[in-house]
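2 protein chains.
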Amino acid sequence: MTELPRDSVGLVSPETAHFDDPLALACGRTLQAYDLVYETYGTLNAERSNAILICHALSGHHHAAGYHSRDERKPGWWDAHIGPGKSIDTDRFFVVSANNLGGCHGSTGPTSLNPETDEAWGPDFPMMTVSDWVHSQARLADRLGIERFAAVVGGSLGGMQVLQWTLSYPERIANAVVIAATPKLSAQNIAFNEVARQAIRSDPDYFDGHYADHGALPRRGLKLARMVGHITYLSEDAMGSKFGRDLRSEDLNFGYDVEFQVESYLRYQGDTFSTSFDANTYLLMTKALDYFDPAAAHGGDLAAAVAPADCPFLVVSFSTDWRFPPWRSKELVNALIRAGKSVSYANIDSPHGHDAFLLPEPRYQAVFAAFMQRVARDQGLEDRP
Amino acid sequence: MTELPRDSVGLVSPETAHFDDPLALACGRTLQAYDLVYETYGTLNAERSNAILICHALSGHHHAAGYHSRDERKPGWWDAHIGPGKSIDTDRFFVVSANNLGGCHGSTGPTSLNPETDEAWGPDFPMMTVSDWVHSQARLADRLGIERFAAVVGGSLGGMQVLQWTLSYPERIANAVVIAATPKLSAQNIAFNEVARQAIRSDPDYFDGHYADHGALPRRGLKLARMVGHITYLSEDAMGSKFGRDLRSEDLNFGYDVEFQVESYLRYQGDTFSTSFDANTYLLMTKALDYFDPAAAHGGDLAAAVAPADCPFLVVSFSTDWRFPPWRSKELVNALIRAGKSVSYANIDSPHGHDAFLLPEPRYQAVFAAFMQRVARDQGLEDRP
Numbered sequence: 001m002t003e004l005p006r007d008s009v010g011l012v013s014p015e016t017a018h019f020d021d022p023l024a025l026a027c028g029r030t031l032q033a034y035d036l037v038y039e040t041y042g043t044l045n046a047e048r049s050n051a052i053l054i055c056h057a058l059s060g061h062h063h064a065a066g067y068h069s070r071d072e073r074k075p076g077w078w079d080a081h082i083g084p085g086k087s088i089d090t091d092r093f094f095v096v097s098a099n100n101l102g103g104c105h106g107s108t109g110p111t112s113l114n115p116e117t118d119e120a121w122g123p124d125f126p127m128m129t130v131s132d133w134v135h136s137q138a139r140l141a142d143r144l145g146i147e148r149f150a151a152v153v154g155g156s157l158g159g160m161q162v163l164q165w166t167l168s169y170p171e172r173i174a175n176a177v178v179i180a181a182t183p184k185l186s187a188q189n190i191a192f193n194e195v196a197r198q199a200i201r202s203d204p205d206y207f208d209g210h211y212a213d214h215g216a217l218p219r220r221g222l223k224l225a226r227m228v229g230h231i232t233y234l235s236e237d238a239m240g241s242k243f244g245r246d247l248r249s250e251d252l253n254f255g256y257d258v259e260f261q262v263e264s265y266l267r268y269q270g271d272t273f274s275t276s277f278d279a280n281t282y283l284l285m286t287k288a289l290d291y292f293d294p295a296a297a298h299g300g301d302l303a304a305a306v307a308p309a310d311c312p313f314l315v316v317s318f319s320t321d322w323r324f325p326p327w328r329s330k331e332l333v334n335a336l337i338r339a340g341k342s343v344s345y346a347n348i349d350s351p352h353g354h355d356a357f358l359l360p361e362p363r364y365q366a367v368f369a370a371f372m373q374r375v376a377r378d379q380g381l382e383d384r385p
Numbered sequence: 001m002t003e004l005p006r007d008s009v010g011l012v013s014p015e016t017a018h019f020d021d022p023l024a025l026a027c028g029r030t031l032q033a034y035d036l037v038y039e040t041y042g043t044l045n046a047e048r049s050n051a052i053l054i055c056h057a058l059s060g061h062h063h064a065a066g067y068h069s070r071d072e073r074k075p076g077w078w079d080a081h082i083g084p085g086k087s088i089d090t091d092r093f094f095v096v097s098a099n100n101l102g103g104c105h106g107s108t109g110p111t112s113l114n115p116e117t118d119e120a121w122g123p124d125f126p127m128m129t130v131s132d133w134v135h136s137q138a139r140l141a142d143r144l145g146i147e148r149f150a151a152v153v154g155g156s157l158g159g160m161q162v163l164q165w166t167l168s169y170p171e172r173i174a175n176a177v178v179i180a181a182t183p184k185l186s187a188q189n190i191a192f193n194e195v196a197r198q199a200i201r202s203d204p205d206y207f208d209g210h211y212a213d214h215g216a217l218p219r220r221g222l223k224l225a226r227m228v229g230h231i232t233y234l235s236e237d238a239m240g241s242k243f244g245r246d247l248r249s250e251d252l253n254f255g256y257d258v259e260f261q262v263e264s265y266l267r268y269q270g271d272t273f274s275t276s277f278d279a280n281t282y283l284l285m286t287k288a289l290d291y292f293d294p295a296a297a298h299g300g301d302l303a304a305a306v307a308p309a310d311c312p313f314l315v316v317s318f319s320t321d322w323r324f325p326p327w328r329s330k331e332l333v334n335a336l337i338r339a340g341k342s343v344s345y346a347n348i349d350s351p352h353g354h355d356a357f358l359l360p361e362p363r364y365q366a367v368f369a370a371f372m373q374r375v376a377r378d379q380g381l382e383d384r385p
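Going line by line, the protein sequences match chains E and L. Okay, so the first sequence: first residue is 1 according to the UniProt record's numbering, each after it adds one. Okay, so the second sequence: first residue is 1 according to the UniProt record's numbering, each after it adds one.
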């Protein structure tokens, strides 16, 4: 396209921050040095009071809004909510969005060189946790001169990072927006992740994680992992109304070629992902999800776990999300209330399942925008003209 | 064990019926000759009025009750419901249970010799449908001298066969018991089946289905297929209360070995299945599930589709079954009512998800037994002493 949409942040370029201070990780290992790739949208004000941090989900990255070039087919993954006049209004806020450590989009991760061996880390990259990510994001904030975020915002695994921010750095976060998340995975959530991991790790092209050394890619495994994931991202209804039992061609072929539209969709999604995402990163991200459980250190008492939090929360869930259903968000809401925190909660009626957090559902936008308006007002940011 | 339980049908032996009449299949091909392996429990009465046909599910087989030997660790898969004094009371009923065509437990299937080539059928075995199975079961009934079944009974894919019986042979079925089934798969159901198929078919040891010729077994694929299946058989609650987030050992290992109990369970289930079930059979069974849709030939009007049925139905669903949820059973119930059929429906409150249909849940047993009592009475079978 030559004309970018008027409500877009426009053309953006990622930047890279290099860190030389060793980062001690929850797994007991230390990352001696690392890069974080990130994007920013909008302008940091003189008071440095208008910064928003975006945390990404399992297969996300730093490119949350705008376009890397005029030829880019799609904008960043959260463009529906970040831009001039949008819920996260870049006319008022300065938005920071980084690729997580362990990722495969520019931040140090399994595909990066391990300086100690001068070879790619591959499967030897240390296991990351949500706490580690939050720690590294706080260092990025230091680098950018941001003492305190007006809000930290994220969906799904991103929402877990937001919750961790309120516990690790309560003094550095003024507001928390936790969308389509859960305070910990259920056994069923872990089970789906385990299927994805087994699919990747049992692919003969995985080579115990050293596929790069063999000039191979565990495409079959990643494809299966993504197919399983996709089923859990869509509601049964959304899948039903999108595909139903519609056939690709007029007749059944009584074979294993694609017959139903939903098969075609899943294979396409899986194929695309399998050549664009790093398998070791996928494994690591699913483990970070499994490990997240702030209540564990408090004998399972989530209200005790969230005691350090010191900011208002917005918690949002979606009616047909069966990956992290509304009652999982309510668990968090109830714990926050028991702990005496300020919390707004909205369960959005949406047919789109877990994926709804990415989409421009009007009621979701209204709730999200209203909360962010209040954030702006509290920070003394000028009203939009 | 040396003593078998008193309410068991005891030691049983499978028998094999060979058929030489060609069987024309829905896919357009013809099976020239075939075997059906089956078991029977109880005694066929002189009037031949007390026969019950059991239809099995995706990974089931003919061994539904009793023991093959005193050393057998577990009885047949539906032993909770078939035996002296049980819902399907073998003191009164004569029970027939056959392995479906295309199966891998003795009936003609992909592992059988193709008489035209003198090699195993493998992936060239014709695609089967629920109608084909019902057709072959009717021939087995002919062979056993059973003109009309007092009831045809099945759960899950077995329930679909029961429904098809009422449409293909309304004059040969006096009662239908359809448990934890659906009149057609949803897009999500098909999606899960497709993941299972892709897992098997993308396993390099699958060799386009000719794994036997290569001395190979697509174990990785079958294991993944079974793992995915197992998640859908258990309710989220059942998985949660069975495993929760319990760890195998005391600490996280920050690696990819088993950490959570649920991972261990799924891997074990997958491993066991991957060496005991035939991959081509699994593929074929999932396709039979996908294809089943009696309403399709009636423009989607299920009430029109069930018009030929001419017997009372018992339809049973389970509250936490999310594979074939209660509302899918209600679809069938509503269509039967609209079509003016006699139907009893029970939604059983159970925590066990889809697997509940295999288990001895008391309320389920009570409903099932009451219906079968009525069946016995209608057939003029003597009351139990």
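Hints were generated in silico from the structure; no laboratory data involved. Idealized CB from N, CA, C, for every residue including glycine. Treat the hints with care, as some may be off.
[To be verified] So, partial list: chain L residues that the calculated Cβ filter (under 10 Å) puts toward chain E:
| hint | residue |
| --- | --- |
| 1 | Leu113 |
| 2 | Ala120 |
| 3 | Pro123 |
| 4 | Gly215 |
| 5 | Leu217 |
| 6 | Arg219 |
| 7 | Arg220 |
| 8 | Leu283 |
| 9 | Lys287 |
Now for the hints, and whether the structure bears them out:
Annotation: Leu113 (chain L) was flagged as interfacial toward chain E, and the flag is violated, the nearest CB pair being 22 Å apart, outside 10 Å. Hint status for Ala120 (chain L): violated, given a least beta-carbon distance of 18 Å to chain E, over 10 Å. Checking Pro123 (chain L) against chain E: minimum C-beta separation of about 8 Å stays under 10 Å; hint holds. Interface hint at Gly215 (chain L): violated, since its Cβ lies 17 Å from the closest Cβ of chain E, which is beyond the 10 Å cut-off.
A hinted interface residue such as Leu217 (chain L) counts as satisfied when its beta carbon comes closer than 10 Å to some beta carbon of chain E; here the least separation is about 13 Å, so the hint is violated. Interface restraint check: Arg219 (chain L) against chain E, minimum CB-CB distance 9 Å, threshold 10 Å, status holds. Among the interface hints, the one on Arg220 (chain L) holds; its C-beta lies about 4 Å from the nearest C-beta in chain E, closer than the 10 Å criterion. Hint status for Leu283 (chain L): holds, given a least beta-carbon distance of 7 Å to chain E, under 10 Å.
With its C-beta approaching chain E no nearer than about 8 Å, Lys287 (chain L) sits inside the 10 Å limit, and its interface hint holds.
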